[in-house]
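Take the given structure of chain A and dock chain B to it, following the hints.
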Amino acid sequence: MSQYLIGLASTGVILSIVTLALNVRWGWAGEFDIALFAFVAVGAYIYAVFTLPPNTLPAPSGYILGLKAPFLVGVIAAIVVTGLLSAAVGAVALRKLRDDYFGITTLAFALILALVIGQYTPLFDGYEGLFGMPQPLSTAPPFGLNGGNFLALSVVFLVLCFLVLQRLYNSPFGRAVRSVREDDTASAAFGRNVYVLKLKAYILGGCVAGLGGALLAAYITAFNPYGWTPQETFLIYASIFIGGTGNAIGAVIGTFFVEVGVQEVTRYVPQLGNNASSSDAIRLVLIGLLITAVLWWRPQGILPERRARDRLVAVGGPAPRRRALAWAPQRGRAAQQAEPSPQAVAARQVQVEALEGSAAAERAQGDGTVSVRAVQLSAPTPSAPTPSAPTPSAPTPSAPTPSVIGLEVTGLTKAFGGVKAVNGASLSVAGGSLTGLIGPNGAGKSTMINLISGFESPDSGTITFAGQSIAGKSAHAISRLGLMRSFQTPREWPGLTVMENMLLSMPIAGREAIWRGLITPGRLRAAESADRIRARALLDEVGLLGLKDEPAGNLSGGQKRLLEFARLAAASPRLVLLDEPQAGVNPVLRQRMAELIRNMVNGGVTVLMVEHNLAFLESLCDHVIVMALGTCIAEGSMSELRANQDVVDAYLGQVNVADA
Amino acid sequence: MSNLMLGVGFGLVTASILALATVPLSLQMSVARIPNFAHGEILTAGAYAAYVVNQHISNIYLEALAAALVGGAVAYLMNVLLLQPFARRRPKLLILFILTIAASLIIQNLILLFFTGNSLAYRLPPSPPHKIGPFLLTGLNLFTIAAAIVVMIAVHVLLKYTKFGKAQRAVADSKDLAQVTGINSERIVQVTWLLDGLIAGFAGFLLGVSSGTLTPTLGQGYLLVIFAAAILGGIGKPYGAMAGAIVIGVAMEISALYIPASYKEVVAFGLLILTLLLRPNGIFAAPRAAGAAGATA
Chain A
17 MSQYLIGLAS TGVILSIVTL ALNVRWGWAG EFDIALFAFV AVGAYIYAVF TLPPNTLPAP
77 SGYILGLKAP FLVGVIAAIV VTGLLSAAVG AVALRKLRDD YFGITTLAFA LILALVIGQY
137 TPLFDGYEGL FGMPQPLSTA PPFGLNGGNF LALSVVFLVL CFLVLQRLYN SPFGRAVRSV
197 REDDTASAAF GRNVYVLKLK AYILGGCVAG LGGALLAAYI TAFNPYGWTP QETFLIYASI
257 FIGGTGNAIG AVIGTFFVEV GVQEVTRYVP QLGNNASSSD AIRLVLIGLL ITAVLWWRPQ
317 GILPERRARD RLVAVGGPAP RRRALAWAPQ RGRAAQQAEP SPQAVAARQV QVEALEGSAA
377 AERAQGDGTV SVRAVQLSAP TPSAPTPSAP TPSAPTPSAP TPSVIGLEVT GLTKAFGGVK
437 AVNGASLSVA GGSLTGLIGP NGAGKSTMIN LISGFESPDS GTITFAGQSI AGKSAHAISR
497 LGLMRSFQTP REWPGLTVME NMLLSMPIAG REAIWRGLIT PGRLRAAESA DRIRARALLD
557 EVGLLGLKDE PAGNLSGGQK RLLEFARLAA ASPRLVLLDE PQAGVNPVLR QRMAELIRNM
617 VNGGVTVLMV EHNLAFLESL CDHVIVMALG TCIAEGSMSE LRANQDVVDA YLGQVNVADA
Chain B
10 MSNLMLGVGF GLVTASILAL ATVPLSLQMS VARIPNFAHG EILTAGAYAA YVVNQHISNI
70 YLEALAAALV GGAVAYLMNV LLLQPFARRR PKLLILFILT IAASLIIQNL ILLFFTGNSL
130 AYRLPPSPPH KIGPFLLTGL NLFTIAAAIV VMIAVHVLLK YTKFGKAQRA VADSKDLAQV
190 TGINSERIVQ VTWLLDGLIA GFAGFLLGVS SGTLTPTLGQ GYLLVIFAAA ILGGIGKPYG
250 AMAGAIVIGV AMEISALYIP ASYKEVVAFG LLILTLLLRP NGIFAAPRAA GAAGATA
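As you go down the protein sequences, you meet chains A and B in turn. In terms of our numbering, the first sequence is residues 17 to 676. In terms of our numbering, the second sequence is residues 10 to 306.
Okay, chain A solo, but in the shape it has when bound (with noise of 0.2 Å):
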């Protein structure tokens, strides 16, 4: 290969590793980093300074360190650097911030980092910059001493990083950094600590960032900061807009398209008069131009992001034998085993070979019929699959189990400027009851479910379920306690399949460490088998079976409502929210809701449920409160409320708005 060449191939290849680290951010996790490039910026000047040998120019010129150390170590510290500078830059921009807002953020690090850089000469050389960095292996055979060593070493890199990024993709933490992207209010709702995956997320592709720095300053061995401009991020972004957002196959390819391709092309248009910049010139409005074009016609990309298969892992026997084991399609019966949920409630024998349909053709003959306990969104129900079964007809008081727990709220107080939303509201739901919420509109029931779920955060007053105060708690955290809530308008993943929604609604039990994803995904995705036999049961059993591997966001409004109490079932809470679970849904869905939400009580979970729909409220609840202007101001059976003049006055006939 000529010189040339592997000169091309050798900036395609680091470029790739840059790519590869914004899409872990912008990708993975949506977050539109600006400052990409500084940290890759940042990598090069780590390899350089520890790479170099001691400074001898002159002061005020000179850099820190001069360490000279081996190749491998500047990789590292580039590395670690990056992954630290991330960690503190991250910690900052992620707070609270609009996208577009974290983006502007970003960038103003990324000047600030560049004019420091380049005005403190003690540090980094200033504007001079670095040079002479140690390139490994030029001097050595095999592959000749025209770079053609240090390219194979960067392609080693490069699939180095592939492999690990999507052994991550694919691992549970990487799909919970992808629910962040598509809804990161459903992912606090069931658990996510939004911030921290983003965080997560904003750190690893730091130090995939600067890995690749360090790759280019001993390629180029020379680093300065006019090479580092916002400039060079877009191009990253018009790689991955062009090569498929999220696809890592498609962000190698639109980098050898946009760094190489368009490149070389315009190399070769003449230069026009004396502009000595005019092919770089044509190069960049011709991106500008692909950017724009891709949007509009092909947004996902060249190759669009990987739909995720639903595979089934089978295990043998109790104690699995490791990956091995776990990667390979196991015959005969496999016993589900860990996490058995104290919900588990009932036990059937599921096909499933009936219940994957064509999936099953994916496993190794599909000869297995596998055993499991499914926990069904049903309580007790016959056996029978068929969920149009008869079910009792009313909430029986079941008998109180330590799983059944009920909600207190003293006092609560929310107010947005001047108006008071919530103004000392007190309510009781007993454990185990399915407790109605109605209200004028305006009444505060929203906020209420808000202010109980740890959307919003109270002014004053108490919020106690299970035994611990849970006022101005985060909502994760609340989510982990057990207390789920569902939105007016359903809120899924849009972007992720019905039945990565379904996982990402199950409890978490620890599984999203990266740690894990990265050494043990066999025994991961062992686990994560028995998770999908549940979910393919929950999904059978609202009809949704069929549509596992489908977008969530392709589904119709009751199939989003199905879904949802799919996943609500699915995290085996111990008290649910309904907000208006009847908004937008047809009269025979509201049927099938009607049982899916008696099941829910009658297996152990107490539910509280705002609802306008005052006859499906009355044929469900045994006990309902009334809300008006901020405060609960009655409560007890329908019948006793209709004859409470207060509640008439309230809800049925006019607000008093002077009473205010």
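Since the hints were made in silico from the structure, they are not lab data. The structure displayed is predicted, hence computed values, not measured ones. For glycine and all other residues, C-beta sits at the position ideal for the given N, C-alpha and C. Among these hints, one or two may not hold up.
[Said to hold, decoys possible] Listed next, with one range per pair, are the computed distances between beta-carbon atoms:
#, chain 1, residue 1, chain 2, residue 2, range
1, A, Y284, B, D182, 49 to 55 Å
2, A, G243, B, S67, 37 to 43 Å
3, A, L179, B, G279, 36 to 42 Å
4, A, Y242, B, K140, 30 to 36 Å
5, B, L186, A, N602, 27 to 33 Å
6, B, G279, A, F147, 27 to 33 Å
7, B, L102, A, Q661, 45 to 51 Å
8, A, P510, B, Q64, 53 to 59 Å
[As the list claims (entries may be wrong)] Within a straight-line C-alpha distance of at most 30 Å, the following computed DSSO-like cross-link-like pairs (lysine-lysine) qualify:
#, chain 1, residue 1, chain 2, residue 2
9, B, K172, A, K112
10, A, K112, B, K273
11, B, K184, B, K172
12, B, K175, B, K101
13, B, K101, A, K112
14, B, K169, B, K184
15, A, K436, B, K184
16, A, K489, A, K436
[What the hints assert, rightly or not] Covered stretches of chain A (chain B as the covering partner; in silico rule of three or more C-beta atoms under 8 Å from a C-beta of chain B):
#, region
17, 124 to 138
18, 651 to 657
Below, chain B without anything else, positioned relative to chain A:
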């Protein structure tokens, strides 16, 4: 003390240019709501247009007019050709932001293509500095301050007392609601972009002559300072933008008295980050949680 007052004087000049660059951005963001990354390029285009006129006829008013017209054309076309077609599909805000980045790449590099990357000297005939109160200001300085005051008053009158201003404020409040009450929202947005470009192009002219040299990255280098002023004053609030511009402009010039002048942008960027973190709705808004339901702290 007199040094400090000189700093304040320079600060007022910087603030005037900054206000002229910031108010149109804020105006646009109140109506079209697009964080426009190509805003700097509108300034650059204006500056280069003035330079071209200057090469033929040296007349400050004609130069300013050319800058405004070219800036207006660039902004108007960017909206009509690029942003509006996308906006009709109701994409995520971030997609529109990314489109303005693409537009910034295209415009900046078209300028690079036609004018090369060499810095062009652009100087008006020198005028002796006048001593006005404690300040020491050149004729250009005085022209800049006067122009800023005139434009700010004009914007105020336009927003407050004309039918367009009323419609504009209605669209700013709710595009769809304005549409159903018979206001042609798209038209209002178009005119706003035109207005945005006219003022920003003029600001570009002043930025160009006050820095004395033009490069294709003139406006982009100034973009984050503009955003700092806009966000400090509260995005989408033209009056806040004026105040934000004064705070940032004066802070930058005064800081230059105490720290190396090359770091003065760091002051602006630092203020930007602080504002976003502490008062994301601007220093004049009541401090409250940025996100509505859904934000997780």
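Outcome of the hint check:
1. A:Y284 with B:D182: 49 to 55 Å: holds, 53 Å
2. A:G243 with B:S67: 37 to 43 Å: With Cβ atoms ~38 Å apart, the hint holds.
3. A:L179 with B:G279: 36 to 42 Å: Given range 36 to 42 Å: holds, Cβ gap about 40 Å.
4. A:Y242 with B:K140: 30 to 36 Å: violated, 41 Å
5. B:L186 with A:N602: 27 to 33 Å: About 29 Å separates the Cβ atoms of L186 of chain B and N602 of chain A, which means 27 to 33 Å holds.
6. B:G279 with A:F147: 27 to 33 Å: holds, 31 Å
7. B:L102 with A:Q661: 45 to 51 Å: holds, 49 Å
8. A:P510 with B:Q64: 53 to 59 Å: Once the Cβ atoms are compared, 55 Å apart, the range 53 to 59 Å for Q64 of chain B and P510 of chain A holds.
9. B:K172 with A:K112: Roughly 37 Å separates the two Cα atoms, so the pair is violated.
10. A:K112 with B:K273: Satisfied, since the Cα-Cα distance of roughly 27 Å is no more than 30 Å.
11. B:K184 with B:K172: This hinted pair holds, its Cα atoms lying about 16 Å apart.
12. B:K175 with B:K101: Measuring from Cα to Cα gives roughly 27 Å; hence the hint holds.
13. B:K101 with A:K112: Between K101 of chain B and K112 of chain A the Cα gap is close to 18 Å, so the pair holds against 30 Å.
14. B:K169 with B:K184: Status holds; Cα separation ~19 Å.
15. A:K436 with B:K184: Given that 30 Å is the threshold and the Cα spacing comes to 28 Å, the pair holds.
16. A:K489 with A:K436: holds, 20 Å
17. 124 to 138: holds (count 7)
18. 651 to 657: violated (count 0)
Of the numbered hints given earlier, the model fails hints 4, 9, 18; all others are met.
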